[in-house]
Amino acid sequence: MAKVLVVTSGKGGVGKTTSTAALGAALAQNGESVVVIDFDVGLRNLDLVMGAERRVVFDLINVVQGVAKLQQALIRDKRLENLWLLPASQTRDKDALTDEGVGRIIAELRTKFDWVLCDSPAGIERGAMLAMRYADEAVIVTNPEVSSVRDSDRIIGMLDSKTVKAEQGERVEKHILITRYDPARAARGEMLSIDDILEILATPLLGIIPESQDVLRASNVGSPVTLNNVDSAPARAYFDAARRLMGETVNMIVPTERRGLMNRLLGRRAA
Amino acid sequence: MHATAEATRQLVRMRGRSYVAFVFTPEIPIVGWLAEIDSTLARSPGFFVGKPVVLDLSALDLSRAAITHLVGNLEERNIRVLGIEGVEPEKLTTSMPPLLTGGRSCVITRTEPAEKAAEAKPKPNSLLLESPVRSGQSIVFTDGDVTVLGSVGSGAEIVAGGSIHVYGTLRGRAMAGVNGNSSARIYCQKIEAELLAIDGYYQTAEDIDASLRNRPAQAWLQGATMKITPLN
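Quick note, the sequences are listed as chains V and A, same order. Using our numbering, the final residue of the first sequence is 271, and nothing's skipped along the way. Using our numbering, the final residue of the second sequence is 232, and nothing's skipped along the way.
So here's chain V without its partners, still in its complex pose (with noise of 0.2 Å):
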């Protein structure tokens, strides 16, 4: 039975697009066949993320009104076979998106696949609302500090109101995924600790994801941190994740940077 999830967050620059990359990535090396759609329509990244934007001819615009098959707009992953992308138009704007045309690409592909990850856009307007119209599940992805937190608590209103899921009244399954964390300075105060934010949004966590150069670097070569340097934290921590979404009780831990002794010797540069 293949699993709708929405990567949402509100905020814009949290780290949707690198989750959805990282996690489907991990999924897919797990063994699951893995879709990943991007709905930001005119502000397309999820391609450059798996560096597919070479090979994208149709887009999921082109399905939703007809001009292209499902199997034309499908981009297979180079280096893993059962993990694909559904890119998003770059000419077009969200309007070109319809409700029907949407709910009957999500019904396809769950014949097709055992995850539907959607990717959706920052805000809560026509994309954002598409892509988590049809899920089951919700991956919200949040930042440490107050105005992403916020804008987490109003995607779960809307999660627990403007999905099928919702209407039908049934309850869409929440996940919270931290990102960007940085152990050190959230223990000097600086920024929300963990308890903080997952009082505030009384949501369970998914997984907590390090701050890391690695992130920066995995996605300027065109791919998911979790296929590009898997031993990095930032990568250990999304396939904790993924383990946790397919059901496994994996023990919350926030990886750490792995330091030579050189490393740890000069880790310290005087300024």
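It is worth saying that the hints were derived from the structure and are not from the lab. It is possible that part of the hints are untrue.
Below, in silico cross-link-like pairs of lysine to any residue (SDA-like), each with a Cα-Cα straight-line distance of 25 Å or less [stated by the list, open to error]:
#: 1; chain 1: V; residue 1: Lys165; chain 2: A; residue 2: Ile139
#: 2; chain 1: V; residue 1: Lys165; chain 2: A; residue 2: Ser131
#: 3; chain 1: A; residue 1: Lys190; chain 2: V; residue 2: Glu190
#: 4; chain 1: A; residue 1: Lys121; chain 2: A; residue 2: Thr142
Derived coverage of chain A by chain V (criterion: at least 3 residues anywhere in the stretch with Cβ under 8 Å from a Cβ of chain V; other residues may be distant) [said to hold, decoys possible]:
#: 5; region: 126-139
#: 6; region: 150-163
Since the model is a prediction, treat every value here as computed from it, not as a measurement. No residue lacks a Cβ here, since even glycine has one placed at the ideal position from N, Cα and C.
Knowing the structure of chain V, use the given hints to seat chain A on it.
Structure of chain A alone, referenced to chain V:
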């Protein structure tokens, strides 16, 4: 130039219109029939007030004096006779109601409101929310109290006609007693509210004493000032 004002002819317009009237058919003995009318009036006084009433005397053969007597008796009971039916024209004098002809019978629909079929269910006077109120949600319940078992998020809003109870952290806005209920109060397990208002009097987060923050508190009105005091 001199124009003479020409007298314009006033047209008399006449239109036909039909009304529904009660038709009485008195029976002999008239005294007994009047007693029957009296008992109807005793059950519902004013039943015939303002209603047009027509007397159908076709079943009787009354003299002019008897008709006068009958009409007078009805007038004593505040029943005004609009017209009389079924008598020879010469039996009526000019002081009596006119003779009517060509009436058609119809069903009289009662205009009195029927007894209320079923008592309307009493409206609930409190609203219980078992899940947290999220940022951007607005709960408006003007009929009474609102109780929230979870927290009220920053940017969320609760508007209640009565009091507001929050068994979590109140981070959003709470407006109680919006219908002018100045005895409404706001209670919360942890106060971090953006705004508290009771019956139009409000305090923003800046006005709320920092020493109260993160503690159980209640807000209430004392005259025109809002008091916020810790609970226990």
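Status of the hints after comparison with the structure:
no.: 1; hint: Lys165/V / Ile139/A; in the structure: 21 Å, holds
no.: 2; hint: Lys165/V / Ser131/A; in the structure: 17 Å, holds
no.: 3; hint: Lys190/A / Glu190/V; in the structure: 23 Å, holds
no.: 4; hint: Lys121/A / Thr142/A; in the structure: 18 Å, holds
no.: 5; hint: 126-139; in the structure: holds (count 7)
no.: 6; hint: 150-163; in the structure: holds (count 6)
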